[in-house]
Each structure stands twice: as structure tokens, then as C-alpha cells.
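Engineer: The residues making up each chain are set out below.
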Amino acid sequence: MVKEFIKSLSNSDVEGELIKTIFISLIVSFITIVILYFLILRNIQNFIPKYGFFLFFTILTYAIILPSTKHVKAYKEFPCMTGMMIGMTIGMIAGFLPGFYIGATNGMFYGSVIGMSIGIIFGIWNGKCCGIMGMMEGIMAGFMGGLMGAMTAFMLLNDNLQYAGVIVFVISSVIICGLNYMIYKESHQLEKVSNNGSFFIVFLSFLMTVITILFIVFGPRGGLLQ
Amino acid sequence: MEKSTLYGVGIFVLIILGGLFFIKGGQTNGSVVANPIDGQVIQGQLQKIVLSQEGFNYKDAGAKAGKPISISADSSVRGCLRSVAFNINGQKYVKYLKTPEESLELPALSRGSYTFSCSMGMGYGKLIVE
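Chains as they are written, first to last, in the working numbering: chain Z, -9 to 216; chain U, 5 to 134.
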């Protein structure tokens, strides 16, 4: 089954769009940041040393969440258990990683608020593929992930924060790969909906990158980071 | 070459280029940078400050500007609050003050209020430099 899934990544079906979607999300985010860099960010002292690492990993985070969302949205409805797993996994990752990276630059409160917001929105959006149970699971996972991400970053401020940032990203990527495989495995009999456009990936990558950059660079800070 | 392979190569190249730009370009040598007033640090006038605990936070402490600072913590400071962390202009100064005799050295600071915390970010205090 795993071999079939890997093979399906190069076909023209829903799974075949996954790698293309990661590429689109990355390229849109990088173009956005390059434009903003030459317009305003290069005038900010120590922009790259202070924020570069965390911005880079936030962009990578969006590039792993959005393809999974597109994968989920390609199917009309999932069974309850699958939908709950989808809501929980995406809600948790979408809450934890942005919470972690923004918590590292803006402090625990603001990291938690942004992490919870992104986590809960993505948790609901993806979890609703099976109804209220998936939505609730998404809300709970986004709420928990956002708080945990920012808290972990803040508690690691003086202890190898950047290495921890890489480790949590790698683990989250493996979880997301597992989720994509699970969707592939569970969705053979499910009805597909037409979902070939990449507009929402381009739009969301752009929007989330801009909001993240503005918040990390110009946003409020708490605690030690003031 | 298949389309998915091309996209895969594209993703790899983007991550490498992005990593070089954002991470490699931002590495610093980690040297300690002092923050003296008017570029002058008064040698030999180390001021000693003893921190104490008030509730779940540190009691605010005061210091004079332009003189290096040695911070210790008395026996009222307990738990993670014994690990004191300062973030001064992006430079971190952290030390676990296991006993009241151990101290954390700070460079001469300019006037202002410097927030510090325990290394877990749970307890806070202010160092007011006048």
C-alpha cells in the first residue's frame, strides 16, 4: 500500500497534486518575502539574524499544511474516525508550529494567540469533512497545539531553541506525511469533488506569509522579548 | 523526467536556497557585546546586586549606569527562578545561580528598565538602571 501511495504521488490524481502544491506554496511565499524584503524589510536592522530562521520555518510549515488541506478538500465526506484524525492532526500541527515560531520571536502570549487562531481555523476547516466530531477535534487540537507550541518555544529560549525548531518541524512533517497516506488509504471508496485549481493555495500562502512577516517583525512582543 | 520529479527537485532547490539565505546569512559569531554609556566602561567598579524573590517573581532591583554588574540571588530565590536570564539588545546572559555565592556578570548598561526572567520564562523581574 505504501508503494502504491508513493507511486500515486506522480500520477494526475488528487495525490499527484501534493508535491505540486508544496512547490506552489513555497514559491509564492518566497516571492512574497523577497518582494517585501526589497520594499521594507531590508531597512530593518539585523532582520535576517533576528527573524530569518523563524520566518523560513514558518513558510515551510505553511507549505506542509496547505497541501494536506487541499488533499482533504478533494473528497466530499469522510467517515467519523477518519475525519476526527484529520481535524486533530491538521489542527495540532497548524497550531503548534506557527505558535512555536511566533512564540520564539514575539513571546508566549502572542505566539499562543496566533498559534491557537491558525490551529483552530484549520482544525475546523478540515475537521468538518466528517461533521461536528471532526470540527470539535480540530478546535481542541488547535487550542492545545497553539498553546503548547508557544510555551515550548518560550521555555527553550535559552536552550538550543533553533535545534528544537528543526526537530519539531521534522516530526510534524512525518506526521503530515502519515496523514496524507491515511487519507489515500481510507478514501478509495469515497466520492471526489472537482478540486484542480491552485488559487486558494496561492492566496492562502500569500496571505499567511504576509501576516506572519508583519506580525513577527512589527507585531507586539511580550515578556523578555520586549 | 516526470512532472512530480521536477516539482520535487524544485522544492529541494527552494529549501536549500531559502535555508542559505535565511539561516546561513543570519549566523552570528556569538560574541558578547557590551553596552556601555558613550562607549566607556568604567573598569574596576563592579557593582554587586543581590536578587530576592517576591511571590512568584523577582523583586525589582536597581543599578547605576555605566558600571559592570555582578548579579547573585539570595536564599529566598527558589526553584527555576535561580536560573536568571537577561536578554539585552538581543544578547542573552543566562546563569544558574545554584548558591548565593555564584554570580552572573553583565556589562555596563545604559539607563533604562531591563526585564529579566527565569530561564523557563515563568518568573519575572526588572533591573532599573539609573
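Hints were generated in silico from the structure; no laboratory data involved.
Small disclaimer: the values here were computed from a predicted structure and weren't measured.
Certain hints may be false.
For lysine to aspartate or glutamate, the following EDC-like pairs were computed, each having C-alpha atoms within a straight-line distance of at most 20 Å [as the list claims (entries may be wrong)]:
1. U:Lys7 with Z:Glu(-6)
2. U:Lys102 with Z:Glu(-6)
3. U:Lys96 with Z:Asp149
4. Z:Lys(-7) with U:Asp64
If you want the footprint, here are the derived chain Z segments under chain U, 3+ residues with CB under 8 Å [claimed, not checked]:
5. 8 to 16
6. 33 to 47
Positions of the beta carbon are idealized from the N, C-alpha and C atoms, including for glycine.
Engineer: Just pull the numbers of the violated hints for me, sorted ascending.
Structural biologist: Hints 2 and 4 contradicted; others consistent.
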